[in-house]
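S.K.: Letter by letter, the chains look like this.
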Amino acid sequence: MTELLAASPDLTPLRSILAGHAGQGRAALLPVLLAAQAHYGFLPQPVTAEIAHSLGVPLAEVHGVIEFYALLYNEPVGRTVLRVCTDPACALRGGDAVLSAACALAGVAEGETSADGAVTVERSPCLGHCNSGVSVNVSSGRPVRNQTYAHVTPDTVADLFAGHGRTTADFWSEDYVGGDLSIVTPLCGRGRRTRLIEYEAVGGMQALRKALTSLTPTQVIEAMHRADLLGRGGAAFPTWAKWDGAAKAPGQPKYFVVNADESEPGTFKDRVLLEGDPCRVLEGAIIGAYAIGAERIYIYIRGEYPLAIERVGAALEELRSAGYLGDNILGSGFSVDVEIRSGAGAYICGEETALFESIEGKRGFPRVKPPFPTTHGLFGKPTAINNVETLAQTPYILIHGPDAFQRLGTAESTGPKLLCVSGDVVRPGLYEIGFGATLRHLIENLAGGVVGGELQAMLIGGAAGAFATPAELDTPITFQGLRAAGLTLGSGAIMVFNDKRDLRDILRRLARFFAHESCGKCYPCQLGTQRQYEILTRVAAGRALPGDVERLRDVGWTMTDASLCGLGQTAAAALFSAMKRWPHLFENGHAP
Amino acid sequence: MNEVTLIIDGRPVTAAENATILQAARQVGIDIPTICYHDACTANAICRLCVVEVEKQRLLQPACVTQVREGMVIHTRSERVERSRRTILEMLDSAVDLSDAPEIQAQLAEYGADHNRFPAAERRAPALIDDNPMYVRDYAKCVLCWRCVQVCAEDAQYTFALSFDGRGFGTQIGTYFDLPMPETTCVFCGQCVGVCPTGALKPRREWLLEQGKTPDEIMELTRAERRKSRRAKQ
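Respectively, the protein sequence lines represent chains H and L. If you read the first sequence in our numbering, its first letter stands for residue 1, the second for the next number, and so on. If you read the second sequence in our numbering, its first letter stands for residue 1, the second for the next number, and so on.
Honestly, the hints are just simulated from the structure, not real lab data. Warning: the hint list may mix true and false statements.
Calculated cross-link-like contacts (lysine-lysine; reagent style DSS-like; alpha-carbon spacing at most 27 Å) [stated by the list, open to error]:
1) H:Lys362 x H:Lys381
2) L:Lys228 x H:Lys580
3) H:Lys369 x L:Lys56
4) L:Lys228 x L:Lys202
Non-contacting residues of chain L with respect to chain H, defined by C-beta distances greater than 10 Å in every case (computed) [stated by the list, open to error]:
5) Val4
6) Ile7
7) Pro12
8) Gly29
9) Gly71
10) Pro102
11) Asp165
12) Arg223
13) Ala232
Label-pair ranges, simulated between beta-carbon atoms [as the list claims (entries may be wrong)]:
14) H:Ala158 x L:Pro126: 47 to 55 Å
15) H:Pro546 x L:Arg227: 57 to 65 Å
16) L:Lys213 x H:Thr12: 45 to 53 Å
17) L:Glu79 x H:Glu317: 53 to 61 Å
18) L:Glu79 x H:Ala471: 52 to 60 Å
19) L:Gly212 x H:Ala158: 52 to 60 Å
20) L:Thr14 x H:Pro371: 22 to 30 Å
21) L:Gln23 x H:Pro371: 13 to 21 Å
22) L:Pro126 x H:Pro371: 30 to 38 Å
23) L:Gln57 x H:Arg407: 30 to 38 Å
24) H:Gly251 x L:Ile7: 29 to 37 Å
25) L:Thr14 x H:Gly251: 29 to 37 Å
26) L:Gly71 x H:Arg15: 38 to 46 Å
Just so you know, these numbers come straight off a predicted model, no measurement behind them. Beta carbons: idealized from backbone N, C-alpha and C, even for Gly.
Generate coordinates for the entire structure from the input sequences, incorporating the hints supplied.
M.R.: This is the structure in structure tokens:
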């Protein structure tokens, strides 16, 4: 490592990376930084200077971009980097013990690199393997290979140092997929990627064929309108309205973006879809691109999902060979191609405008809205951006019709929904249900009931969600039903806690997550997430100060009411729901 | 130019249709406080001190970027607005040295901010950077208004010497690989110092005077530094 620092690195490999992105300018910054880091292990100054010069980006801004993303390093790190998840779902399975064991083995403190330069151990935000934790993401080797491991324990974490262990690509550690319906997940949870030919064998790609050969873009949007598919990423915005807006907006080119930056703690549905059945998602995206008249699709996948990135890449190859992508698709005259973009460790990039900034080669700062993406999106052009699950539902609508889709749910919450169940249940996993089923059915029948004690609470919607009590078990799972109960479906994450769990520790972890992931742009969130974390740390330790409840309320309301984007606006949501349901937890002197 | 009519704090106001709420309010003498906003910089709605309550909107709206609309009803001093402003100021005061920021001091007083609202709070207190003959950078006083970064870039100078280290609460304005300013693209135009609202960026001479140096001592110091830098070049 010290030699690397002293000697100027050989820039020849970098030049071939840059040649592969010639003419793309700043938009190539993140892909080039990731590729360069895979080669050099980190981003030495001469490498970044060459990148800045080649792409025409100011030096300081290249530095600023590297500083923003948790997976980019501008100083040497260990030849192996372990990132241990200690967010709620993994914490229940002993995430902190795994982190301590890893630190002890490496002889380092959290966030440090061993003296011999072999290992760096970091604490990671939720890695999206909440059903199979403790999960650990590992970068190692040259070029750096990134893999995520499942079911890690303090005893088995040593295997990861040697590059062994059970990765999430191994069949046995794959996800449990179940539920009442199998509309979007019939080919998921089989421990491998479903190939295009298998997807076609069960009717896959027929929706795209139908759209391109017998429907106008307007008719596609009309079908989506009648189906009333609401976005499955968390905001529940009507999909057709995004498509209609982007289709009608003046300006060319137009872009279609797949938001696969799934990072909401407790959420793993998009990962399961991309790893198990990527063609279904991509079919939905191509249909969407046709509907709005886009000539390019970007799929932005979070950097901590290396297996999803690999499998989507393989699926794209198959789709190109089969003529579903590229020029004149199926002889229709419509042309579009897909580019994969890897995230680099930033929850905020799941916010749509921050995601655009990231693709454009910038720090992931959310933009002020309006203007909205439909008119001023990626590169300032009309853009539709949809969640992975939303797109996976689209082919069914075109094949079976909006009425059949509506019948799968309720009148106002139409279609099927994927729910990510984690925590203290018999069978954590991904469940596909029709809207309208109750929380009780999901927890008791599908997930097998609560383990380790009685049901204490459910956190619905992830870190940005809200807590429900056992009294709310008969609430129907619909957007409206949950809202009426003061809850939110959010991304569809449901974390279950038995009565042995200390919810204040869960709240402390959620607060740490937001403080770690705040971009720092607007004051309420930049300052508020930090103050909220500090106060909840002492509350969780039973050392609350007089006035802390009022402090939490003022900080929380200010973040909710005055923050620039959804991250800050929801950073106190789970806390407020807990303060309402269990006020005694926040009383001074209440022992942990 | 078309005009729209709206109500601000109960008063009918007529404003150009492309005006912001901030502009419309100021033209009738209603003061909406700001920190990051500067007439010469692109408004980014960062500090959120200018948030106001707009009827029929779920959340508070930043007055510096929100355009007026016909029939808008705006409250600039409602309870929600006051709570957000006071809390933002208290949180800022708990993180940053505001002793050199008279405008923010006045805002703290006006909104009744409690200086000790957040006990045991982590402060941002990095060491002062004295790396060039023209100005010092004391980021313990920085409120991250972004003005310096903006005037160094597309808002004025196109020099691009500044960006950000870290993110979230740990954000700090920095240079490429934290190089000393003379080794960056900085041309010492001084615009960043001119727009800094908190004394985080300060002419070095002013800073030396504050340190108790006399003008003669400063002159001698400057000469000595020039001699040293000439020798280094030879």
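S.K.: Each of the hints needs a verdict: does it hold here or not?
M.R.: Going down the list of hints, with the structure as the test:
no., hint, in the structure
1, H:Lys362 x H:Lys381, "holds (17 Å)"
2, L:Lys228 x H:Lys580, "violated (66 Å)"
3, H:Lys369 x L:Lys56, "holds (17 Å)"
4, L:Lys228 x L:Lys202, "holds (23 Å)"
5, Val4, "holds (16 Å)"
6, Ile7, "holds (21 Å)"
7, Pro12, "holds (25 Å)"
8, Gly29, "holds (24 Å)"
9, Gly71, "holds (18 Å)"
10, Pro102, "holds (19 Å)"
11, Asp165, "violated (5 Å)"
12, Arg223, "holds (31 Å)"
13, Ala232, "holds (21 Å)"
14, H:Ala158 x L:Pro126: 47 to 55 Å, "violated (38 Å)"
15, H:Pro546 x L:Arg227: 57 to 65 Å, "holds (59 Å)"
16, L:Lys213 x H:Thr12: 45 to 53 Å, "holds (52 Å)"
17, L:Glu79 x H:Glu317: 53 to 61 Å, "holds (59 Å)"
18, L:Glu79 x H:Ala471: 52 to 60 Å, "violated (32 Å)"
19, L:Gly212 x H:Ala158: 52 to 60 Å, "holds (59 Å)"
20, L:Thr14 x H:Pro371: 22 to 30 Å, "holds (25 Å)"
21, L:Gln23 x H:Pro371: 13 to 21 Å, "holds (19 Å)"
22, L:Pro126 x H:Pro371: 30 to 38 Å, "holds (36 Å)"
23, L:Gln57 x H:Arg407: 30 to 38 Å, "holds (36 Å)"
24, H:Gly251 x L:Ile7: 29 to 37 Å, "holds (35 Å)"
25, L:Thr14 x H:Gly251: 29 to 37 Å, "holds (33 Å)"
26, L:Gly71 x H:Arg15: 38 to 46 Å, "violated (59 Å)"
Hint compliance for this structure: hints 2, 11, 14, 18, 26 are not met, and every other hint is.
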